[in-house]
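Enquirer: Going line by line, the protein sequences match chains G, W and V. Numbering-wise (this note's numbering), the first sequence opens with residue 97 and increments by one. Numbering-wise (this note's numbering), the second sequence opens with residue 97 and increments by one. Numbering-wise (this note's numbering), the third sequence opens with residue 97 and increments by one.
Where hints are given, some of them may not hold.
Same chains, same names: a pair is fine if it fits in one copy or spans any two.
[Claimed, not checked] Listed below are the simulated DSSO-like cross-link pairs for lysine-lysine, each with C-alpha atoms no more than 30 Å apart in a straight line:
no., residue 1, residue 2
1, Lys-242, Lys-286
2, Lys-203, Lys-122
3, Lys-203, Lys-295
4, Lys-203, Lys-242
5, Lys-122, Lys-242
6, Lys-242, Lys-290
7, Lys-122, Lys-286
In short, the hints are calculated from the structure, not lab data.
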Amino acid sequence: MSFFTFIEILGTIAFAISGIRLASAKQFDWFGAYVVGFTTAIGGGTLRDLMLSLTPFWMLDPSYLVMTAFAMILVMFMGRLLIRLNNTFYLFDAIGLGLFTVVGVEKTLGEGFPLWVAIIMGMITGAAGGILRDIMINEVPLIFRKEIYALACVIGGVAFGICDYIGVSTSANEVITSLVVIAVRYIAVKYELKLPVLK
Amino acid sequence: MSFFTFIEILGTIAFAISGIRLASAKQFDWFGAYVVGFTTAIGGGTLRDLMLSLTPFWMLDPSYLVMTAFAMILVMFMGRLLIRLNNTFYLFDAIGLGLFTVVGVEKTLGEGFPLWVAIIMGMITGAAGGILRDIMINEVPLIFRKEIYALACVIGGVAFGICDYIGVSTSANEVITSLVVIAVRYIAVKYELKLPVLK
Amino acid sequence: MSFFTFIEILGTIAFAISGIRLASAKQFDWFGAYVVGFTTAIGGGTLRDLMLSLTPFWMLDPSYLVMTAFAMILVMFMGRLLIRLNNTFYLFDAIGLGLFTVVGVEKTLGEGFPLWVAIIMGMITGAAGGILRDIMINEVPLIFRKEIYALACVIGGVAFGICDYIGVSTSANEVITSLVVIAVRYIAVKYELKLPVLK
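Please build the complete structure, drawing on both the sequences and the hints.
Expert: Right under this line is the structure:
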């Protein structure tokens, strides 16, 4: 298992956990919580793949179902631990966000689209799952009101474009872009940075 | 008209009626109620077809528009009767759920996907229309909180896989799978079986 | 720049403004407001293109991002003016609705679908962006409860079909269809015409 695969698993589980916890708080039964967790984890990439005219990635690999089941077991048996690990959890979520952004940007460029489309698809890959989660549990999407979230994906996408332009290798660029997203998210949460609201 | 076509019409009308009634209760005008009814009836299959890279089925056959119109007329002129028939209505809905599951499973296998994808697509075909309905009328999706619903589709999909594996003919399997879904739903409603909520 | 391009820009900006204003009223930050504004402007056409198995139109032309940015600047610096221009704003929205309907109808016919599919796609192009906007800000979709809106697109689509059948040239038909939609909307708002609610 490569380092990136390991990171992707961590990120997927973190996304699924956030969906399972919020759905359970809304009195969804465990099957509903599983569906919301799965949708949170794969929703962004699914929307991206549909727009790129590709088969949604999770239909080609059952391991995302297994990761969501693992997230479910964690919530069931380690609920108290997860609450205590809340800060670590934020970090996993940020790691997932960074990696999902990279995957979205690269997959879109690979289909021949220009960088600006790739940046948007990176953002959709990272942030749309959380929006779908909030729509399914009938809440106003959180990510547009709390600390910088979707914008972190855009900043990461721009960083990818700059590094690519100045000749950084793809594998180095993947690490840099992920780290940019993670750093923006980390700083935003630590200092509670929020974007202003329009009047 | 084959028996299956007859069943599909019944199920589509039952799904459309549920959308029209809930939208009307939310003060949607009759055109809005029609749109919600149509979306409830065709939403699951549309999502399935988009994920399978197929043209949504209702774009190839105007009869779903007609069935929704018929559902509308029923709600308009037979509202009181429909309320009295509430139990029959549940049965129609269960019949629709069973048949939609079969259609989703078979169409997905026909596109060359493995069984586990087909089971998920069976569930999406049966249950996603109701989720879209609840999102459009701004309610928390009901099907993840009341008696076993989406899970009935999954159980039906698994039954299909087992029957197929042991060599049951396709036409017999279609009937068996539908009956499994209907039976699970019937028992769940009769005994008010609910899945537990995670704490 | 052709007259139609000019009209399309006006309509896109009007749609984006409605999304930005409603999202800001819901305490979305400026980035969230931008995303909702963009979704309102391009959401209907995106859904149409996915159903037609086409690449979403905005992925082939970055100008929709620029128009949304322009809408944002207008809301930021001309908020008071926009409120005073509320009636003009309704007109822009109606113009956008008319043109979006024409684009949806023609694109669908161009893909070889029959008229009834084209009429539905015209309605989706015009009205689905507003529905997605309302879902994202967690409100019951407005367009199914206030003055005739989505139905105006359908009436426009039917007008397109009739004109086409009696041999009106395409360019004349585009103008006629747009004007029909705009007129229906104008009359509906002026006389507060609403469709009845089913009991």
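Enquirer: Compare the structure with each hint and give your call.
Expert: Hints, one by one, checked against the model:
1. When the C-alpha separation of Lys-242 and Lys-286 is checked against a cutoff of 30 Å, the pair qualifies only within one copy, where the shortest distance is 12 Å, while the shortest distance between copies is 40 Å.
2. When the C-alpha separation of Lys-203 and Lys-122 is checked against a cutoff of 30 Å, the pair qualifies neither within a copy, at 35 Å, nor between copies, at 34 Å.
3. With identical chains, the CA atoms of Lys-203 and Lys-295 are never at most 30 Å apart, being 37 Å at best within one copy and 38 Å at best between copies.
4. Taking CA atoms no more than 30 Å apart as the test, Lys-203 paired with Lys-242 passes inside one copy only; the shortest distance there is 28 Å, against 39 Å between copies.
5. Taking identical chains as interchangeable, the C-alpha atoms of Lys-122 and Lys-242 lie at most 30 Å apart whether they share a chain (20 Å) or sit on different chains (13 Å).
6. For the identical chains of this complex, Lys-242 and Lys-290 are intra-copy neighbours only, at 6 Å inside a copy versus 35 Å across copies, given an alpha-carbon limit of 30 Å.
7. Proximity of Lys-122 and Lys-286 under a CA criterion of 30 Å is satisfied in both settings, with 28 Å inside one chain copy and 25 Å between copies.
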